[in-house]
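K.L.:
Letter by letter, the chains look like this.
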Amino acid sequence: MIKYAERHSQEEVEKLLDPIVLEWFKGRYKSFSTPQIDAIYYIHSKENVLVSSPTGTGKTFAAFLDIISQLIQLYRNGNNDKGVKVIYVSPLKALINDIKKNLLVPLEEMKSGPEREWLSHINVGIRTSDSTSSEKAKQLLKPPTILCTTPESLAIAVTAPKFRENLRTVKWVIVDEIHALAESKRGSYLSLTLELLQELADFQRIGLSATTSPIEEIAMFLAGSKRDVTIIDARFEKKTVIEVLSPVKDIVRTSETKVTEATYSLLYRFLKNSKTALIFTNTRSGTERVVANLKKKFPDIFTDETIGAHHSSVSRDIRLDFEDRLKKGQLKAIVSSTSLELGIDIGYIDLVIQLGSPKSIIRLLQRVGRSGHNINSISRGIIIANDNDDIVETTVMAYYALRRELDKINIVKNALDVLSQIIVSMSLIKRWNVSEAYSVIKRSYSYENLEWKDFIDVINYLAGAYHSLEERGVYSKISLYKDGERVDRLNYEDRNAEFGKKKSARMIFYLNQGTIPDETKVVVYEGKRPIGTLEEEFVERLVPGDRFVLAGKIYEFLNSKRMNVYVKKADDSKPTVPAWFSEELPLSYDLANKIQAFRSSLLGISKREVLEKISDYPADENAKKAIAEYLSLMTKFLKSKGIEKLSSGDYLVEQYESDKFNIIFHTLLGRKANDALSRAFGYKLSEMIGSSVGVMVSDNGFVLSVDNEVKVNVKKLLKSVSSENLDEILHKAISNTELFRRKFRQVAARSFMILRNYKGHPISVGKQQFNSDLLVKVVQKVENFPLLKETYREILQDYMDISAAKEFLRKVESGEYRFIVLERSNVPSPFSFKMLAWGSSDVILMEDRRKLILKLHQKLIQFLRNKNRDADI
Amino acid sequence: MQIFKGIKTIDGKRAVYFEELDLVAISDLQLGEETYLAEEAKLFIPQVQLKIMLEEINEIKDQTKANRILINGDLKHEFKEATFQEWSEVKKLHEELKKLFSEIIVVRGNHDNYLLTISNKIGLNVVEEHIEKGYLFLHGHKLPNDYKGVHTIVIGHEQPAVILKSGYDRVKLHVILYGKDKLGHRFICLPAFSPIASGVEVNVTPKEELLSPFFHTIVDIDELKAIAVDPSTGAFKLPKVKLLRSFLLENA
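Those protein sequences? They're chains A and B, same order as listed.
In this text, residue positions in the first sequence follow this note's numbering: the first is 1, and each later residue adds one.
In this text, residue positions in the second sequence follow this note's numbering: the first is 1001, and each later residue adds one.
Some hints could be false.
Said to hold, decoys possible - Simulated crosslink set (DSS-like; lysine-lysine; CA at most 27 Å straight-line):
id, chain 1, residue 1, chain 2, residue 2
1, B, K1225, A, K855
2, B, K1172, B, K1148
3, A, K732, B, K1065
4, A, K613, A, K249
5, A, K46, A, K226
6, B, K1148, A, K777
7, A, K777, B, K1051
8, A, K732, B, K1148
To be verified - Interface residues of chain B toward chain A, partial, derived using beta-carbon atoms under 10 Å:
id, residue
9, V1048
10, Q1049
11, I1052
12, F1101
13, Y1147
14, K1148
15, I1163
16, D1230
17, L1238
18, L1249
What the hints assert, rightly or not - Ranges of calculated distance between the beta carbons of each label pair, as one might list FRET restraints:
id, chain 1, residue 1, chain 2, residue 2, range
19, B, E1059, A, L854, 46 to 56 Å
20, A, K569, B, I1131, 24 to 34 Å
21, A, N559, B, K1182, 21 to 31 Å
22, B, K1182, A, I516, 45 to 55 Å
23, A, R849, B, K1065, 56 to 66 Å
24, A, N293, B, K1182, 20 to 30 Å
25, A, L854, B, V1127, 37 to 47 Å
26, B, P1206, A, K569, 51 to 61 Å
27, A, E724, B, E1059, 33 to 43 Å
28, B, P1206, A, S647, 53 to 63 Å
29, B, K1008, A, R849, 15 to 25 Å
30, A, K568, B, K1065, 31 to 41 Å
31, B, I1131, A, N559, 35 to 45 Å
Read the hints as simulated data drawn from the structure, not as lab findings.
The beta carbon of each residue, even a glycine, is placed where N, CA and C say it ideally should be.
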């Protein structure tokens, strides 16, 4: 059962704390913040608790205060048995060291007083992949009271035959940054690991989360859907001020270069007037560029000492240096593209500047919430938009953020690759009855709906059932037993079979566990200059002449040698191959719907009326004028087509003739849902016309392109995809794509089908000898292969958003939504400009291979005729 | 479809039939690749190659009614000592081939280093090269000592394929390369028979990077023509590799 915390008072809570802790606290701080009070109260009441509040509001502190208080009481009463009592899990290895420091300081200070030497029984230890074996050996003999670790190291600890005994005394588990974990497979992994820990000890779960939504689901994720959780919702405790700014007066008609110039000037103005600002860009390359440009343009205040770029590969020394300079007030600005890696205390940031849209309301609030000196001061954020669509998007986003209407994150469910890893780890602990194992797994929220059939398929995969009898030795990772006898595979009826460990499995598990995909990157060179990296899968399919986007510029592929790719600039042409590896975040579905409603309500009315309607939206004069201008351009366009108004359920479909014939779907649903819809409609179109189709996907819609001579019946196309057949079409449409191969490779690595590391040696052989083509080709010939199923699931549910796409289609089918198809025209609508500018970003190949080959053969003959070489055929 | 007089394609199969010799030739089967990948690359893919290849070979027999088969090298994959999978698969392959063909000739390839250990035990005939009635069959990783009396050279090793691209359409096809070498012999390069071989794109790969010494000495690959073989279309003729290269660049 999920319940919300009731407010309690400082006095109530002071009575609950041990006098030593209380005295220490009062010596340093005036009072507790509200989330701290409630956290202490409910943790003390031995409940599972989820605390959700902006970063830097003392959450971690709140969690530990009561725990340390209880630990002191345990020790004071003479209860000092060996063993770990508290586990603190964070996804950020870099910050775990900081946590230890932040705990040791108060503990040291509490020790200073009469008869408190025994407090030194409470010690803090760290266990991560950086821990040395001697450190781990020490921990075995003298287990730390408080263990700070990562999800991966916790999984190893739970399976380590000797160390796991020290975990039987665990009473509290704190999961920090739980909002970030829930959204990823790492969260599924942790969730299952906690269920395995539950087999060793009965403990209280405390989740710490930044601003997120849906909060009840995160609470269930923390504790499993059957356990009780109390939610302490302090997400909106801090007063927040956000404004959207347009860098120029008329962004609609100003060139990109001028907009960029103006953005930097605006940045300069704000940075000059603030102590320390946190600037967010949306891509890593953007981060580097902004820092470089600020240093170049305004060297009076931006130097190496006063501004720095921060991202995940920054070393610990650099990070500590940043924090040090921050505290001394020497840093004017930190520029970053992700919020998670920043463990920086907000006490030092007074302004957050977001360049371009952060793509979700939650993310905006998480980022802006990093400013303001403590929970009682104001968080300030400004968004500097970079084009029309950006202004519209961020204005709506800021509006709802201030109204506290959040969008939602998606929690990963039933990931079979993570399950494979956990089953292997389970086998290392003991021999399990399959039904028992299944019920333990289903206690996790991430697997509460796991099907028995899928579970057994994974067991069979791990047991090597897909290989010949003789070869099982090499392939299997677990051993199977039926009635005490070794068997090779189970049937779905074998509910009492057992699985146990295999000799080599422990080593494989230790060296390869984890969910973060290993990406083989290839370095891209322009002449001798390295300009970036590409993923191996992408490079495999490149052919001389192919053009693609890298770090915002277009390049043409010349050739590749081993791990290097050589290109030349091709700025004046359009990309010919997909940029699916885009670094950009997708617009959230909920926010997309809000923007759709916003835009529709402002169409068909005058500029003055638009300005009236948006008068209380948090955007500056220029931004509001830009919105009015943009919308009125679209209104004019619609009028010319005989359309007076559009309701929020109306979705335009344009037929635009240029060098190609383009069908533009204005389905403002966010890129994930559009990825699904575009591939489905593109597949059907390709089938209908017997030709390959170019696809361009964005948050605001998608474009399908074909040759001009082709006749397309758009109305028929629109009817060809339904909520009923979407799954089936997508399965066919994605099975032969780079995306599929890439995801499959990652799933294969997580399920130990590909190993990164064996017997301590990283695998180097084989990279040249196999490619993802091979992998997928082989595996697709096998029926019921669970890793294939997981690849489809991950693509359709996590990477795309098939349920949002289905919901959209259902509403079209019921009449709640309508497609409004415009006549063929050689003038595109203002709303479509941005989508068209990027050209094709993917291709859906003709399904009929024979037709495809014949078509290309025809083109070849044409080519030869033009060269007068008929004789060669 | 005729490649040269008396030498034909077999529908869309990656194999060639020599009428005068009543012989089917295939190359680069790479049996045991799955285990190799498991051992060395720690890549545990299911074993499907052999089953598919046997199906293909049965169809080849049906179509040609040939009595003899020649495997032009790289029957197996492993460089080092034979693994169990290779043993059992080579044995199985041999058993099945014996049912269909009265003579089986295996030419040694660069991956067949320990093939002799297996072959002796199961009675499989392995040779360095095979010359018969002026036809020279060799894997292609080494040049022969001489060409006395040879009018046709058949190699494997390169695993040739070709990419065709135009507008949004693109496809990769396995091909049989054929033509005349600089000494006037008829020359054929067989595609890889293994279903999981991806093939080397000969109209993309720079000539210097080709593996076979033949292409660095007596054969100019650009002057060879290609026949694409694909199950969906059967066999069909393509122009010289030189023109296939420029087709790709023109359509960029």
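K.L.:
If a hint holds in the structure, say so; if it doesn't, say that too.
P.N.:
The hints, checked one at a time:
The hinted pair formed by B/K1225 and A/K855 meets the criterion: a straight-line CA distance of about 20 Å does not exceed 27 Å. The suggested pairing of B/K1172 with B/K1148 is violated, with an alpha-carbon distance near 37 Å, which exceeds 27 Å. Simply put, A/K732 and B/K1065 have alpha-carbon atoms about 38 Å apart, too far for the 27 Å limit, and the pair is violated. Using a Cα cut-off of 27 Å, the hinted pair A/K613 and A/K249 holds, with the two alpha carbons roughly 20 Å apart.
A threshold of 27 Å between alpha carbons decides the hint, and for A/K46 with A/K226 the separation of about 16 Å falls inside it, so the pair holds. Proposed proximity of B/K1148 and A/K777 is contradicted: the alpha carbons are some 43 Å apart, above 27 Å. As the CA atoms of A/K777 and B/K1051 are separated by approximately 14 Å, the hinted pair is consistent with the 27 Å bound. Distance check on the hinted pair: A/K732 and B/K1148 sit about 54 Å apart at the alpha-carbon level, beyond 27 Å; violated.
Given the 10 Å rule on beta carbons, the hint for B/V1048 holds: about 5 Å separates it from the nearest Cβ of chain A. Interface hint at B/Q1049: satisfied, since its Cβ lies 8 Å from the closest Cβ of chain A, which is below the 10 Å cut-off. Annotation: interface hint on B/I1052 holds; nearest CB of chain A at approximately 8 Å, less than 10 Å. The interface hint given for B/F1101 is broken, as the beta carbon of that residue sits about 25 Å from the closest beta carbon of chain A, more than 10 Å.
Against a cut-off of 10 Å between C-beta atoms, the interface hint on B/Y1147 is violated, since the closest Cβ of chain A lies about 27 Å away. With its C-beta approaching chain A no nearer than about 33 Å, B/K1148 sits outside the 10 Å limit, and its interface hint is violated. Because the beta carbon of B/I1163 sits about 6 Å from the nearest beta carbon in chain A, less than 10 Å, this interface hint is met. Proximity of B/D1230 to chain A holds as hinted, the smallest CB-CB distance being about 6 Å (cut-off 10 Å).
For B/L1238, the shortest C-beta to C-beta distance to chain A is roughly 7 Å, which falls under 10 Å, so the interface hint holds. Interface hint at B/L1249: satisfied, since its Cβ lies 6 Å from the closest Cβ of chain A, which is below the 10 Å cut-off. Checking the proposed 46 to 56 Å range against B/E1059 and A/L854 shows it is violated: the Cβ atoms sit about 22 Å from each other. Roughly 54 Å separates the CB atoms of A/K569 and B/I1131, a value that falls outside the hinted 24 to 34 Å.
Taking 21 to 31 Å as the suggested C-beta distance range, the pair A/N559 and B/K1182 conforms, at roughly 27 Å. Distance hint check: the CB atoms of B/K1182 and A/I516 are about 54 Å apart, consistent with the given range 45 to 55 Å. Our hint of 56 to 66 Å for A/R849 and B/K1065 is violated, since their Cβ atoms are close to 29 Å apart. At roughly 58 Å, the beta carbons of A/N293 and B/K1182 sit outside the given window of 20 to 30 Å.
Take A/L854 and B/V1127: their Cβ atoms lie about 41 Å apart, and the range 37 to 47 Å holds. At about 22 Å, the CB distance of B/P1206 to A/K569 disagrees with the hint of 51 to 61 Å. Remark: the range hint 33 to 43 Å for A/E724 to B/E1059 is upheld by a beta-carbon distance near 38 Å. Distance hint for B/P1206 and A/S647: a CB-CB separation of about 59 Å, consistent with the stated range 53 to 63 Å.
Checked against the given bound of 15 to 25 Å, the beta carbons of B/K1008 and A/R849, roughly 24 Å apart, stay inside it. At about 54 Å, the CB distance of A/K568 to B/K1065 disagrees with the hint of 31 to 41 Å. Checked against the hint of 35 to 45 Å, the C-beta distance between B/I1131 and A/N559 comes to roughly 38 Å, which is consistent with it.
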